[in-house]
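Here are the chains, one letter per residue:
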Amino acid sequence: MELFLALKIALRALAVNKMRSFLTMLGIIIGIGAVIVMIAIGAGASKVIADQIASMGSNLLLVVPGSATAGGLRSGAGTVPTITYDDVKAIQTECPSVERVAPTVRGSAQVVYGNMNWWTQIQGCTPEMLQVREWKIAAGREMTATDVESALKNCLLGASVAENLFGAEDPVGKIVRIKKVPFTVVGVLESKGQSPRGDDQDDLIMMPITTAQRKILGNPFPNTVGAMLIQAKSEEVLAQAEEEVTALLDQRHRVGPNKERDYILRNLTEILAVSQQSAQVMSLLLGAVASISLVVGGIGIMNIMLVSVTERTREIGIRMAIGAKQRNILLQFLTEAVLLTLFGGVIGMVLGMAGAFTISKLLDWPTLISPQAILAAFLFSAGVGVFFGFYPARTAARLNPIDALRYE
Amino acid sequence: MACVVSLRDITKSYRMGQELVEALRGITMEVEAGDFVAIMGSSGSGKSTCMHILGCLDTPTTGSYALEGVNVERLSKNQLAEVRNKKLGFVFQGFNLLTRTTARENVELPLIYAGVPTRERHQKALAALEMVGLARRAEHYSNQLSGGQQQRVAIARALAGDPTLILADEPTGNLDSKTSEEIMEVFEKLHAQGITIIMVTHEADVAAHARRVLTFKDGQIISDRRRQDGGWAGPGGQ
Ligand SMILES: Nc1ncnc2c1ncn2[C@@H]1O[C@H](COP(=O)(O)OP(=O)(O)OP(=O)(O)O)[C@@H](O)[C@H]1O
Ligand SMILES: [Mg+2]
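Protein chains in written order, with this note's numbering: chain A, 1 to 408; chain B, 1 to 238.
Just so you know, these hints were derived from the structure itself, not from any lab. Predicted, not measured: the structure shown is a model, and the values here were computed from it.
Listed next, with one range per pair, are the computed distances between beta-carbon atoms:
| no. | chain 1 | residue 1 | chain 2 | residue 2 | range |
| --- | --- | --- | --- | --- | --- |
| 1 | B | Gln18 | A | Arg327 | 37 to 43 Å |
| 2 | B | Asp162 | A | Leu375 | 43 to 49 Å |
| 3 | B | Gly69 | A | Arg398 | 28 to 34 Å |
| 4 | A | Arg20 | B | Glu130 | 37 to 43 Å |
| 5 | B | Arg136 | A | Ile374 | 46 to 52 Å |
| 6 | A | Arg20 | B | Asp176 | 33 to 39 Å |
| 7 | A | Ala15 | B | Asp176 | 31 to 37 Å |
Partial pick of chain B residues on the chain A-facing surface, computed with a CB cut under 10 Å:
| no. | residue |
| --- | --- |
| 8 | Cys56 |
| 9 | Lys77 |
| 10 | Phe90 |
| 11 | Thr99 |
| 12 | Arg157 |
In silico DSS-like pairs for lysine-lysine, Cα to Cα no more than 25 Å straight-line:
| no. | chain 1 | residue 1 | chain 2 | residue 2 |
| --- | --- | --- | --- | --- |
| 13 | A | Lys361 | A | Lys47 |
| 14 | A | Lys179 | A | Lys215 |
| 15 | B | Lys87 | B | Lys189 |
| 16 | A | Lys180 | A | Lys215 |
| 17 | A | Lys153 | A | Lys174 |
| 18 | A | Lys325 | B | Lys87 |
| 19 | A | Lys47 | A | Lys136 |
| 20 | B | Lys86 | A | Lys325 |
| 21 | B | Lys86 | A | Lys8 |
| 22 | A | Lys325 | B | Lys77 |
| 23 | B | Lys189 | B | Lys86 |
| 24 | A | Lys89 | A | Lys153 |
In this text, a Cβ means the ideal position worked out from N, Cα and C, and glycines have one as well.
Construct the entire structure; sequences and hints are all you get.
The structure is reproduced here in structure tokens:
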């Protein structure tokens, strides 16, 4: 009951000076709004990265051709395939920390089904690719070792390709023509969404690497592959796998003082983990900067509460003369301060969410507002009220009844 | 009759820079239950200072004050607040009502701090307003009332908590003589109900309502007269 009455008194006191109450709240509104927007931006960014890590597959190393030197001529990285099937096999058998290796070649081609056609990416690979990328089949079957060994003209469609060529029709078992070569669709891949770079991962056709090289993309350098994805046995041995692969490839490619490294090894998982970390740090920093405005808002509250206590010294004196205890007066002013910050906090939250929404729409930046962030903002604004309201409230409560009554 | 108030050698001094202002210089007095006491005296003689001490709003420099046998000096701030709330009712010269608050809400204030439940509070507040003849103005805001009405609300507020002692410091000081008379009728009524009243006044006709008149001079009591049917008696009479 006491709290209810304190609320009533506080509401009345705030209503008396509406403009002043609003301006005081403005500091908290801006502070909480800014914190919400910043946290939403940061959380959105790190969620995107987390999703990318999940869609990429875990504990991955990527090996792509580097620049090759032949007779004093250095070609640009990737122009000459320098990775061979033998490299793939060697890594598979000789590197204990490696779980599996997925060689791949890439190109693009036109696919035709009936009167529909679609220009898409062709990925030649082995069954390992699906495992490494943790990519499931939505319909039909996976790629098999036989598909690769016999260079069968079977293919898997990415979700976007299936959608564009077949619409509602079931593609499994149908024949599509890729560069005029007929292929049987044996399966459809599950959708993966956007890649870390922002392109559509589902816009591709997977086929046996052998078939791709012989029938579709052609291969002027026999026995080579375009790139390979290597999956380490676990997160703990990821770095070790990286060392093993480097050592083996250096040895096999005779990398030394006279020969440059002709391949590039990237630790994909580490790159994403680092960028996720930096997204989190950025989010924290932005939040910290935004909370400075919250502190400034809190000081504004304290200032106005002190003014209010001074203005109402006589009222405090009357209340004390009538029997209000220190506790009653303290509660009254504390309630007022907390009410100010809570109102400000709620308005700030609404504006912050609106701001985050606008940013994600206008700038196409992902934002994420978690219930925890809302709860934290709510508690934080109440906390600001208690913290910055306490001193003025205590000043009021400690007044001497007679001094307060005599105050002009 | 039992003693409601008992002051022993109360002094109060204020330090103003180098100077020591002795507002009270040894006040000793007793007030019996149900008495109606007027305090008179020239300006600056220490009447208000004494009332503030009686009202537990201020503490004496030396001396002791027993309220219904309880020594007030020993009480903590919280206990003093409780005494003010339960045993005392204060009426000020300047009314001291809360603004933007209705008459009823003003009267309810001491009951709120006493923790009286809402319904009972309403009833008691209305009863107190009835007593001062303002029941019909209960929902008026304090600033919508005339000075006399405001003072009656203030008396109702002092009454609401059923105090043993009502202290009034120049309750008619801001009012014209006709309104003063109305206020004094209210005090007479309270006196008739057996409530102990101590009242400061400068006006002889206001003091005439009291049963006993104390006169202050330079922080001391110089006369103490009791009205007996038709006349005044006691030491130091004029
Ligand atoms: N807070 C204070 N600080 C310093 N001196 C004070 C204070 N309060 C009262 N005094 C002094 O104490 C003396 C008595 O003051 P008090 O207010 O009790 O007089 P009073 O009898 O009520 O006068 P009045 O009839 O004008 O109201 C005065 O000399 C006054 O200046
Ligand atoms: Mg006075």
